[in-house]
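Line order of the protein sequences matches chains A, B, C and D.
The working numbering numbers the first residue of the first sequence as 6 and each following residue consecutively.
The working numbering numbers the first residue of the second sequence as 6 and each following residue consecutively.
The working numbering numbers the first residue of the third sequence as 6 and each following residue consecutively.
The working numbering numbers the first residue of the fourth sequence as 6 and each following residue consecutively.
Calculated directly from the structure, the hints in this document are not laboratory data.
Take these hints with a grain of salt, some might be off.
Each pair may be met inside one copy or between any two copies, as identical chains are not told apart.
27 Å max Cα-Cα, derived DSS-like pairs, lysine-lysine [stated by the list, open to error]: (1) 122 <-> 306; (2) 345 <-> 8; (3) 257 <-> 270; (4) 306 <-> 110; (5) 270 <-> 46; (6) 169 <-> 122; (7) 45 <-> 345; (8) 265 <-> 46; (9) 45 <-> 257; (10) 345 <-> 35; (11) 45 <-> 265; (12) 194 <-> 45; (13) 306 <-> 194; (14) 194 <-> 97; (15) 142 <-> 265; (16) 194 <-> 46; (17) 122 <-> 45; (18) 145 <-> 169; (19) 142 <-> 342; (20) 169 <-> 69; (21) 46 <-> 8; (22) 97 <-> 110; (23) 45 <-> 142.
Protein chains: 4
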Amino acid sequence: MIKAGIIGSTGYAGQEIVRLLLGHEDVEIKWYGSQSYINKKYYQVFGNVFQLIENICEADDIIKLADEVDVIFMATPQGFCASVITEEILSKVKVIDLSADFRIKDVATYEEWYEIKHKSSRFIEEAVYGLCEINRKAIKDARLVANPGCYPTCSFLSIYPLAKEGVIDMNTLIIDAKSGTSGAGRGAKINNLYCEVNENIKAYGVANHRHTPEIEEQLSYVSNSPVILNFTPHLVPMNRGILVTAYASLNKVYSYEEIKAIYNKYYNEEYFVRVLDQDVTPETRWVEGSNFVDVNFKIDKRTGRIIMMGAMDNLVKGAAGQAVQNMNLMFGFEESKGLKQVPMFP
Amino acid sequence: MIKAGIIGSTGYAGQEIVRLLLGHEDVEIKWYGSQSYINKKYYQVFGNVFQLIENICEADDIIKLADEVDVIFMATPQGFCASVITEEILSKVKVIDLSADFRIKDVATYEEWYEIKHKSSRFIEEAVYGLCEINRKAIKDARLVANPGCYPTCSFLSIYPLAKEGVIDMNTLIIDAKSGTSGAGRGAKINNLYCEVNENIKAYGVANHRHTPEIEEQLSYVSNSPVILNFTPHLVPMNRGILVTAYASLNKVYSYEEIKAIYNKYYNEEYFVRVLDQDVTPETRWVEGSNFVDVNFKIDKRTGRIIMMGAMDNLVKGAAGQAVQNMNLMFGFEESKGLKQVPMFP
Amino acid sequence: MIKAGIIGSTGYAGQEIVRLLLGHEDVEIKWYGSQSYINKKYYQVFGNVFQLIENICEADDIIKLADEVDVIFMATPQGFCASVITEEILSKVKVIDLSADFRIKDVATYEEWYEIKHKSSRFIEEAVYGLCEINRKAIKDARLVANPGCYPTCSFLSIYPLAKEGVIDMNTLIIDAKSGTSGAGRGAKINNLYCEVNENIKAYGVANHRHTPEIEEQLSYVSNSPVILNFTPHLVPMNRGILVTAYASLNKVYSYEEIKAIYNKYYNEEYFVRVLDQDVTPETRWVEGSNFVDVNFKIDKRTGRIIMMGAMDNLVKGAAGQAVQNMNLMFGFEESKGLKQVPMFP
Amino acid sequence: MIKAGIIGSTGYAGQEIVRLLLGHEDVEIKWYGSQSYINKKYYQVFGNVFQLIENICEADDIIKLADEVDVIFMATPQGFCASVITEEILSKVKVIDLSADFRIKDVATYEEWYEIKHKSSRFIEEAVYGLCEINRKAIKDARLVANPGCYPTCSFLSIYPLAKEGVIDMNTLIIDAKSGTSGAGRGAKINNLYCEVNENIKAYGVANHRHTPEIEEQLSYVSNSPVILNFTPHLVPMNRGILVTAYASLNKVYSYEEIKAIYNKYYNEEYFVRVLDQDVTPETRWVEGSNFVDVNFKIDKRTGRIIMMGAMDNLVKGAAGQAVQNMNLMFGFEESKGLKQVPMFP
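Taking the hints into account, I'd like the entire structure generated from these sequences.
So, in structure tokens, the structure goes:
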């Protein structure tokens, strides 16, 4: 039984870590960090855990926390983790950072896209990018894991086998993504009010969304060449879910079976990545509440392109679930422990 | 390890039984009954269980099924269970019927409200009304359990302590209920299309909804007098959730603490019924995906009435979850086994 | 052609006045008041009027405004209108106040329920309660109209004929109301975020909602006796719409035809109040975007009660539409001018 | 005053024509055609027009109808119009067909994508593609107008200026579109039930949606070369609205101002096409209920691509509104007559 602390436990990702850990037999949550609700009972913020959690929300004292727990989840805004992390902390606890602070290896790229000065660049190299299906081995030994972004996780896993095998022309890659509104966070902003989001769809961050360099970097590694792509996210009137529709030109003519075999090669052994049957398109409803990513593809002979698609719950595999998956790896638990929820429908 | 069969496994309640039993360590599903999808893979109907279930949908052969399983869940339309149940079947398997066929003890009342001739009235007396918090003991020995309706469960549990203790004037009882759309079933009806339900609220079944006599009967038992009440359900644009707002005149002046003590008396030991803190109103979002019922009340001194409120997931405690809770009791498992899901938010 | 100014034009009610007045041939909007967006182009706040409105948002200078326009709409928080209104202003312009400041004749009641000191009680008697169907004549001559609340409008019009004719026992009256989220306003509050409202229903303001005394006062006038009732509003995941379900005991046995005749007596000549056919329940989708109120009733012989129902668009008949209807009366325009939009479905 | 008949008046597009024509001073609807609701009062199908329309639904007798009206709107399934249209009918009335029957000039292409034998190919050449902004002149003299599809309208208008001016490489064009659920029609299908659509997003018709050849044909005309592209539609949980996000490589480096000037050149005089300010992305909420199409673009210097975006109400400019716009042109009315509704928000 390990002990966990959550900084930022009253955001959507933070409370989802709570939900998942409550069902995890080997973890006990010792610290519900929340600057906004200090001393308030946690269940008064999230009524779903009434009679399940009696703890109060505590201030973000990572120094103290490092002495009390084995793992810290940082579900905090960009820049926070980098501003508080120290060698001393990392010597005491494992840290899983859900922000972008340690996802991008090139500091200049981080600082340009996030418009923040990085305050702990010395830990960037050590930090492991926590996409479990790719970096499983490194994660097991990591002290500091950079939990991937929601869009990058879904985008990368949809494209990865074809990028890795050189099937597609990476210069033609375009990612059109759609997300439920929990991805926009729990801040009190007019733009995220019910009446502003409901009955609406819009693109945002067009050509400058901050998840772009993260996707590019990871795809560069697996395709062995610099990748520059278009990434356009859209806000959809639903609570959870990310859908990725990606387009690229095939480097030559491929049959359905050939591409299918490539996806199978990479994902047959992956419990959380499901390659759907032919002509079945991923839908967010089929993964809601679970750590699954459903992927599939369609070859368009007319244009010589392939359409790669992926669906995922942005709060689970896109945030809290992947964080727990990383924790499982880091502590030697079964990788899927506490993460085998059947997707809930409807 | 017991074996279960589900007749009507491709309705919303049926597939929710599947979701819950997949997470139940002591049950194996052997039969996915579905007249509409015979020989189709179950996961082709519900993509959430892709790679989790390989079974195909099978015809509704209850005779054959009775030889193969220990318990049958009947998630079927009114009248079906009564038309197929026999002494032979009941001698072989336990049956949990999610329809209304065995909920109402007076056949004439059933036939009047449901406008169906009851084909197995000989089993009505034997059948146990499966509201676990009330009939726990009888359920343990039952062969045939009538799983309560969604509205009756939420209505009854919101009112029960006050009805039982004679606190309210039962002649003044009015129940105004609101349900998510999964309660309307998975039939292909224009009225349940997305564009017809979204951005709309309406009452239906006003003064003649078929759950009325079921609520009245159960409240009559606990208040020891015939109860006639108004029950008005409303359709709300959301997938899951039932909210009950009930009104009655208090028989005398009561303090908050006195009423609270009464609720506590009945529910302190009940894991699935949560009596909320003062002035916290039940909300469906805090119970979604779980077997909890959240109840609370508000005394209105100006009018001498009390407002009793309850929130519940109609597919869990209102259908599949309560069915599994009944199964647990019938087979001697821990009552909450497989039902401790933390409500999922948002 | 008259000139209009709108204070609070960037709230949901304010922008709806803009939408309606843009389609009104006899009115020109001269002033888009908004403290929050001073000097910003109005269309930058509400993209729907791009290329239709070039004006900027202006500070709330009601003194200056009074010199420039013929009518001022105050779509402002409680207390604001009372804090700025003066005899001089009223001598220059007509004022339609969408807040509650002048709706309640008894200052003590206002101050108790709203917990605000009333700063202009000298105008309360003069102010006319702007429920056009009831006070049409007085409105025509008014300088200051108190535009009714959304819940009171829908509640009152659903009940009015039966209260007026003494058909129901006013001591038994219970109003259970449901509203779309635009009724909660455009403030940046966590509780009104998309993910907090979507997939949820809850009661709020139970036994103490501030629209209660307004409904009671108006019903007292028409029933000629003090009315105390229960009013419970609920928040529904939809943008627009209010549904009222009201319950009362009938004073004697009535036939459907008798009650229908009473509704017809009061509403046959009312363009905006539609008494539906027998057994058709009001639905908010059928009035969306329009100034209609759809009402109907159902007699429950079993309980001796009648269920009165009403559906309305909270932003139109419940706010902006009724304000324009009042303006039409005050300036001698046809009462329905600019208000004949066909409800938009779906 | 002209007389209109609507075949298929009880679908979503048909009822939207009704809504718009009720507000059109020069048109009287004489015929509410509906095979599904023959002899039922029209308002019993669509409660929004209660007390506004007393007509009953009539069978689809286009021969009889041709003698009684001046214009027929065919809001019918693919193949119906082609199966009933004759020279005699066209000699008597003008026909606006909202199906795809006469949109595609090449019969083989139509028959391949729609998998229907075309029964009136002799009228294809005569039929005018009713995209008013492009074919205004020809529409004025047409007897038979093929009203464009919803996706093609929004896609084409988003891309048209750049295709026409040779700014983009048409071989790189990818259109990722998102639609509200009214676009899926009013048929009673399980896939369109509330609980199946809500909280979900999915792609459909990937690489084979039938609107593809229509978009390609129209873009071929304006770019003077055959266009083959990728078009991927998605189903979004909202009632109305289409959003198009299109990607193409720029043929050379362009500044924002240069591209803006090109859009302005084509749309400055177009009332219904609004080119948004720099960096403002189109959102469906800002056009809901109106005939506007909001377009904008973003140049991505990193990839050398341009992202073209458009938002529109699929039932108005994408169906009924454009049909009325066509009617206005055909009968010499002001083109925007009856179509100046301000978009309704929220």
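Query raised in the report: Out of the numbered hints, which ones does the structure contradict?
Result: 6, 9, 13, 14, 17, 20, 23
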